[in-house]
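Trainee: This is what each chain is made of:
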Amino acid sequence: MKKRFYILMACSVMAGATSCNKFLDLQPSNEIGEAVALDSEEKLQRALNGAYSRMQVSEYYGFEWTNAIWLSDDNVVPYSSGTTDLQFDGYAVLSSSNTIDINWKAMYQVINAANNVIDGAANFNDPSFTADEKNNMIGQALFLRGLTYFDLARTFGGVPLILKPTRGLQSDSYPAKSTADQVYAQVLTDLNEAEAKLPESTSRIYATKKAATALKARLFLYQKKWAEAEQAATTVIADNDYVLVKPYEKLITDKATTESIFELQYNGNDGNPLSGLFLPQALGGTYRIGPTNGFVTLMNDAAKSGSRNVLIGMSGGQPYGNRYRRVGTGRNDDNVIILRLAEMYLIRAEARAQQPGKLADGLADVNEVRRRADLTNAAAGTQAALLQLIEDERRIEFAFEPHRWFDLIRTGRAGAVLGVTDAKKYVFPLPANEVLTNKQLIQNDGY
Amino acid sequence: MGTLINKKLFIIVALLACAVNGAWAQQRTLKGKVLNSKDRSPVAGASVYIKGSKTGSATDATGSFSITTTENVRALTVSSVGFSSREVGVGAGVDDIEVLLEQAADQGEDVVVVGYVRKSKKDLTGSVVRVAGDEIRNMPLASADQLLQGKAAGVQISSQSGTPGGGVTVRVRGTSSFSPNSPASQPLYIVDGVFINTTPLGPAGYGTEQQIANPLADINPADIESIDILKDANATSIYGSRGANGVVIITTKRGSYNRKTKIGLNTYYGTAKAWRLPEVTNGPETAKLLNEIWVNDGKNAANLPYPNAANEPTYDRIPEIFRTAGTYNIDLSASGGGDKTSFYIGGGYFKQDGIVRPLTFDRANFRLNLDHQLSRNVRFGTSNTFSRSYRTIVPNDNSTGVLLTGLGNASLYPTYNADGTYYRGPVGNNAVALIKESRETSTSIRAISNMFLDWEIIPRLQFRTSWSVDFNDARNRAFSNTALVGPGGITNGYESSNRQFTWINEQTLRYGTKVLGGNPLNILVGNTIQKTVTNSFGVGAANYPNDDLNNLSSAAQAAWWSGGKVQSALASFFGRFDFTLSNKYIFDVNMRGDASSRFGANNRWGFFPSAGFAWVISNEDFLQNSNTVSRLKFKTSYGLTGSQETIAEFASKGLWGGNDNYNLQPGTRPVQLANPDLKWEQTKQFNAGVEFGLFNNRLEGEINYYNKMTEGVLLNQPVPNSTGFSTIAFNGGDMSNKGIEFTLNAGVIRNSNFRWDVGLNVAHNKNNIDKLNAPYFEPFSRNFIIFQQGYPVNGFRLWQQERVDPQTGNAVYTDVDKNGVIDDRDRLILGSNQPDVLGGLNSSMKYKNFDFSFAFSFEWGQEVVNWNTFFLIHGGTRYNAATGKATYGFYKKQLDRWQKPGDITDIPKVGGTAAERSNNYGLFTSRALEDGSWTRLRNVTLGYTLPAAISAKAGMSYVRVYIMGTNLWTITDYSGLDPEVNAGGGKGTVGGVEMFTVPQPRSFQAGISVTF
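Listed in order, the protein sequences are those of chains A and B.
Take 1 as the starting number for the first sequence in my numbering and just add one per residue.
Take 448 as the starting number for the second sequence in my numbering and just add one per residue.
Source of the hints: derived by calculation from the structure; they are not laboratory data.
In this text, all values refer to a predicted model and were calculated from it rather than measured experimentally.
Using N, Cα and C, we set each Cβ at its ideal position, and we do this for glycine too.
Check before you lean on any hint, since a few could be wrong.
[What the hints assert, rightly or not] Covered stretches of chain B, as calculated for chain A (at least 3 residues, CB under 8 Å): (1) 935-943; (2) 960-968; (3) 1328-1334.
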């Protein structure tokens, strides 16, 4: 009997002591270590897909950021919940706003994802990974980074410029901010490099050389570099792969139309939170936000809206925004259009209007867009009239795309149109958490 | 030979020895009695063996034994469960032997279970509280932890909601961690030697930040013999890395050897309802407020949203949401044993409906505890519980759940359309549809099993090996049928499973001896290894053919899926040593070394020692004969304990994850920032206390002072989001908890007919975050909960409303930086959920066959944020801005708003410009902050036990009937539904927030207990 117990005891002690370290050295199975995350071409491609996917999240293009931009203009007001929404609607945005916090976080996640691809692809060398493949991959990531820094700068003004992937917490994890001009300069550098690296192909849902050119056109517009803006827009307009779609409603119901230069492709598996945001409950939506009375009036004026009046619907006698309508479980897959041909026309129109002697050409560009909306050609005899025409066109043409708030700011019209005269309110506050966590980061003036 | 008992024994043995002349090698019959040394009561079932032989016998009910043998008998060995074994020399010619057995420490009155050993409370240097199973019996609550409320000083037990089987926050001596992971700061629970998992696997409501299922609800309180709560470092450091937040040791009932089988039956039925109901505005009041908002917004007064406000209908949904809910319980048990084997078998069924529809909880459970004496020095046994808990839950307690949609949708909206279908209001779904149509359930299967073997290798050297498993599988299922999704909606459902499996192996070796002239010395060493694996998966589907075909496989489309596995392992060595000198000075030392898989190889090991000293002053000569002071002990201890479970399993690694796609192509992304320096969180605790007993211990008490310093608190420290990450697992802060605990128990009246005992416990704890690199904002609360250096945990950071301007009706807030603008710099930490004082008052009376008891518990000085007010006193921030129609309704308090110049009120005007609305109702203001102090008459019981003579006629040995009420009386200034709530129950960093949280029920019940 005793012998048996001695054996049992010996076994137990052995069980306890057997290669303790091996027993404790557990590896995660839901994730992989960062050291092996980017060590093949395939893994780099997965990381690039991840970077696109970061752009789609509900905190960024998939709802919260676009929502904040809409609420700040005069087209959209909160319909149901949302005291946070009211802060944007009332131009009393607090740095503690949860929306601001998650926008910022999501945008820098894109930056870090893109930085990882840029750095990872540059440092991965394999005979099967050709120079073209490498350039294409890096070029796409540069485009995504440029786009995100562009959005950061127009939303917040100057922000920290991070161009290397984050590996562990270092002293440079606490950066000071660069000025908005420096950020825009970096955007231009990224887009130029992307243009150089990306192939001459057409894709509506992946970054291409032409998408980089189109984004440059917008950047130059914001920077008031009229000639450059005109030139970049012309390059895209001249491309036969881009055609304005008719009717306008196709932009709402269809994906990747011939007009599209770059849009985020959603699918039912990880639906777009924007889908149903404007729709009443009866139509499967949340009715969170809706058009202002002013915008409804504008839409009802057929001479101004034309076939774009499909942006407004009526349900139970109440108006609603009729965009992002592909709702339903397994659906909710409205794409988010970021760059399309109509914008190139209106960019060129504005760039021409700002240059001497190009009023007629500018007006022709506006009329291209108006004709697509089944409207008659407009007339504009003076530069001021043309600029006003462009502003009004943009308000309607891009009604539920995040443009108007930025347009009114960059054209200096926010005071006159929205009554926001305090220029400090033209950028959002930096997130309170971020300023508290990063002592190098100075809060925007006025917040 | 210090004690009187030892002296007596010495004399007996000596007398026996004197009678010896020689041994007789012929048949003789040894007779005798085995008696309890304490009161000379007979010890039945004691084993009496001839030393060195297999010949022996057991004592009968009178303690008598008789052994006939031809062997040469020099001595007898006598043993019995609960007593110290003895050897008694036997002289020739002596055939009537009296053996006095000394009660083993674990059978005395004041015995507690501390790390791996039972100890008499008088021999402790640490701080331990025992709650006997009897004290907590029959309460209409699902889980053991809830039952402890108000029973032990310094132990804060707060129900997170009135959801049956829902989560409970337990804090022993304050909060010393603040990880958002739910087990943070929860004590370690040990059931019959098994370190059980307390990570909630399934929701009681829904979602990780909301009401969680309580893993302890899987254990039937009726099976519990006792609960010991270990509070100070000396008591807990033998649990090392897991002891920092206290240890709760639950011991279940076991059978006794040589005992006639005892059958117990215990059943009760009760009803419960809310002690306070919400008050919302009726239809006309709601309409009037919306008209006022319309006008104040500056819109056309001729075009009011509700032109006939007074005629608007009212649909009172509160009676459809709240109900009088039943609770039913039955327990059946059998216990007993033969001379080698003893058993306890228990079975129970408990069903409780929530006071808010459609919540239910029911549990069926079995228990089997077996002990077998294999030989004189080998014993083995097993403890097992198997249970099935079933919950009916509703989607999302606090964002689209029954209370939110029921109270939220303004009362002028109907419940049904004219055609009888559900009316879909503007806020979420229809509450009644959720109640009647929602089919979301959670089924948890739990098995906790332990097998052990004790081997007395040589006298006083005990070896134990113990093998345990804790298995928990929570399976959730939901189906949203056609009626619930409404016209045009697509039916959908899901099924998910979370399965957690832990195995534990443990060895201990203990040795007890007497040194230096009879001073007891005990030594224990041991090791533990354990591993926990959690597997989970879930699948959501949509588009079912019809409402009856609602299995996943019937659906036309998959909607989502998830799945994964995490694991952790811990290897430990521990030891303990105690020594008592002259029966006056007690020294002990505990230590444990733990290695955790959660940390990198360099920081894997943690070492947690502690030491304690106690001076039993009453054993000094000058007090030995005191009539007043029967017991007086001073004790102090200091030690280290740790914590590691507050962070994720692989928190130190830099990780990339999947679950991303673009254009249906899989994607990966960085998900976690590496911190290879991550190490154990360490708590240093000092304890000093005095225990006293006066007047023959009729008045007993204890006072303890403690100082807990937690260093390197493991937390998800915020990092600049510009890194692409928001947090890093970090040893990022220091926190202290200092406090005093006071316990007093008085035997007020003690005579043969009337007995009255009163117990009071009061504790004060001061929590402070001593160091924190960056404040932590809790995202669940939209950042109004803050953890900031220099403040207690869970601070409420709000704008302080000074007044409502009588001229404008706008709220005026304290302009902290005096810059004329109210912004984030003007927020102040105005309170926290940490109570200043907590405790309980318990009284029990017994007069002849009647018993009467009551218990109060209280928490004073904490604040609660009533987040409901943000939605239901919204002042025109939640309505359809275009049409002016209602979305959310209002609490009645909204009617106190400012209306015209000169009005003095603290509720600002409704409506106004967007900036005014944002200022008046869009901020988290001090209006929502209230004193959350409460005192509750937790429980009142009146019982009657049938006289033994009468019950015996019916063949029963014990019959008691009783009635009980709980939460009969609540004293609080809090105006919400209940001060004892926490909307973010599943998160360690959310406390003191009411947000459409189910309140505590008030209940009445009647029951009967019978023993055959």
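Trainee: Would you say the segment 1328-1334 of chain B counts as covered by chain A, given the rule of at least 3 residues with C-beta under 8 Å?
Mentor: holds (count 4)
Trainee: Between the segment 960-968 of chain B and chain A, see if three or more residues pass the 8 Å beta-carbon test, and mark the coverage as holds or violated.
Mentor: Violated - the segment 960-968 of chain B has 0 residues with a Cβ nearer than 8 Å to chain A, which falls short of three.
Trainee: Under 8 Å between beta-carbons, do enough residues of the segment 935-943 of chain B, three at least, approach chain A for the coverage claim to hold?
Mentor: That given contact holds, which follows from 4 residues of the segment 935-943 of chain B lying within Cβ reach (below 8 Å) of chain A.
In summary, the structure is inconsistent with hint 2 from the numbered list given earlier, while agreeing with all the others.
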